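Participant: One letter stands for each residue in the lines below.
2 protein chains.
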Amino acid sequence: MAQKTTPDSTRRSERSRRAIYDAALALVGEVGYAKLTIEAIAARAGVGKQTIYRWWSSKGAVLLDAFLDLAEQAAEAASAGHDTVQTEIPDSGDLEADLKFVMRATVDEFNDPKYDAPYRALAAEGLLNPELGREFVEKLLEPQLQLFVDRVRRAQDAGQVRPDVDPRIALELWASPLAQRWLMRSGALTHEYVDKLVEYALHGIAPRPA
Amino acid sequence: MAQKTTPDSTRRSERSRRAIYDAALALVGEVGYAKLTIEAIAARAGVGKQTIYRWWSSKGAVLLDAFLDLAEQAAEAASAGHDTVQTEIPDSGDLEADLKFVMRATVDEFNDPKYDAPYRALAAEGLLNPELGREFVEKLLEPQLQLFVDRVRRAQDAGQVRPDVDPRIALELWASPLAQRWLMRSGALTHEYVDKLVEYALHGIAPRPA
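Residue numbers (the working numbering), protein chains in the order written: chain A, 3 to 212; chain B, 3 to 212.
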């Protein structure tokens, strides 16, 4: 059976890159962003400091790529059994079912200890350091939210969402409560919870006219 | 004209207390929670360290009271022109109008630089320090959210919200997006924005049956 061949040097690079990401994510969860150093990442990853500096200019740049890679891995895991990685919200024609599917997968991700400490460290630093915060929002958060914008726009085309609704605001009704509960540890993160968020956001909490 | 008389010592205590709160809030915004010390608060407030230790056992305890006081001041400011401080969401009989009123006042508070740095420092520390975070949620955040729970319950009694809706989840549809935008600096905080959140939450984003 034919196998895709990869030159040895590329394979070595790939292995180093993954080791650096793992080290950066583990360390930021352990010591926080302020105390994270390129030296410590290199030592933990078992590579030379120069290897890191060849690819990235700062610890913030390493970490951002590590998180982007983590998000990609999560997308791959959620697509297990599918032929291609899902880089958009599924469109089954039923907006409510599709949003619940994605939000349940997101809950599972938030409940995974592997994500908790590094994400929390990055979020805390982003609160205090406007430059890092801006980069985090621009490169990591906003592209993910844009997938909801696209899906809501398609639902508007299909007549499932009112044409006057602003999709960028609408998505906050389900995405922000989950993020906030996770950040503040202010409530349980369950499938039932995100199902309700989606239901309330789509149909409102006021009585529907008979 | 008769004046309410206050013993000199009480007046002095009140003045010290307010100076300590102001110093704690200013300092946490400047240096962050980790570097905040009782000594620095005392020096900035112009009181002895003993004065602070007589009333509080830790910097976290000072700061929590300072934030509670700040929230009280904000409530007093919002009640200007009213006879009594509003400790609940107004009930005019029109839930949508009442929620918009409160959310607009909250936007104005978030946009006030006086609140921004200290709240941000506390939120960042609460992310990393679960004990402080829990205290923050329990004593500061949750009592404020409970006011929305009470108002939604009254709206349920009045037939303005469906009886099967969970008020503690419903309030997150308008409160969490605002908190999240402020934390992440991911969008403009305007009256128009919170009006839309309230409208979408009450009536949903799906078309209403004709």
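Derived by calculation from the structure, the hints in this document are not laboratory data.
Watch out, some of these pointers could steer you wrong.
[Unchecked claim] Straight-line C-alpha distance at most 25 Å; calculated DSS-like pairs for lysine-lysine:
#: 1; chain 1: A; residue 1: 102; chain 2: B; residue 2: 141
#: 2; chain 1: B; residue 1: 61; chain 2: A; residue 2: 37
#: 3; chain 1: B; residue 1: 102; chain 2: B; residue 2: 61
#: 4; chain 1: B; residue 1: 198; chain 2: B; residue 2: 102
#: 5; chain 1: A; residue 1: 198; chain 2: B; residue 2: 198
#: 6; chain 1: A; residue 1: 116; chain 2: A; residue 2: 102
#: 7; chain 1: A; residue 1: 51; chain 2: A; residue 2: 61
#: 8; chain 1: B; residue 1: 116; chain 2: A; residue 2: 37
#: 9; chain 1: A; residue 1: 61; chain 2: B; residue 2: 116
#: 10; chain 1: B; residue 1: 116; chain 2: A; residue 2: 198
Bear in mind that the values here come from a model prediction, so they are computed numbers and not experimental data.
Participant: Each of the hints needs a verdict: does it hold here or not?
Facilitator: Each hint tested on the structure:
Between the alpha carbons of residue 102 of chain A and residue 141 of chain B the distance comes to roughly 32 Å, so the proposed pair goes past 25 Å and is violated. Only pairs whose Cα atoms come within 25 Å are accepted, and residue 61 of chain B paired with residue 37 of chain A is accepted, the gap being roughly 23 Å. Of the supplied pair hints, the one linking residue 102 of chain B and residue 61 of chain B is violated, its CA atoms being roughly 36 Å apart against a limit of 25 Å. A threshold of 25 Å between alpha carbons decides the hint, and for residue 198 of chain B with residue 102 of chain B the separation of about 9 Å falls inside it, so the pair holds.
This hinted pair checks out: residue 198 of chain A and residue 198 of chain B have alpha carbons roughly 19 Å apart, not beyond 25 Å. Proximity of residue 116 of chain A to residue 102 of chain A is assessed by CA-CA distance (about 23 Å); at most 25 Å being required, the pair is judged to hold. With a C-alpha separation of about 11 Å, the suggested pairing of residue 51 of chain A with residue 61 of chain A holds against the 25 Å cut-off. Our distance criterion of 25 Å between C-alpha atoms is broken by residue 116 of chain B and residue 37 of chain A, whose separation comes to about 29 Å.
Restraint check: the Cα-Cα separation between residue 61 of chain A and residue 116 of chain B comes to about 32 Å, which exceeds 25 Å; the hinted pair is violated. Distance restraint check for residue 116 of chain B and residue 198 of chain A: the Cα-Cα separation of roughly 36 Å exceeds the 25 Å cut-off, and the hinted pair is therefore not satisfied.
Violation of the numbered hints given earlier is confined to hints 1, 3, 8, 9 and 10; the remaining hints are satisfied by the structure.
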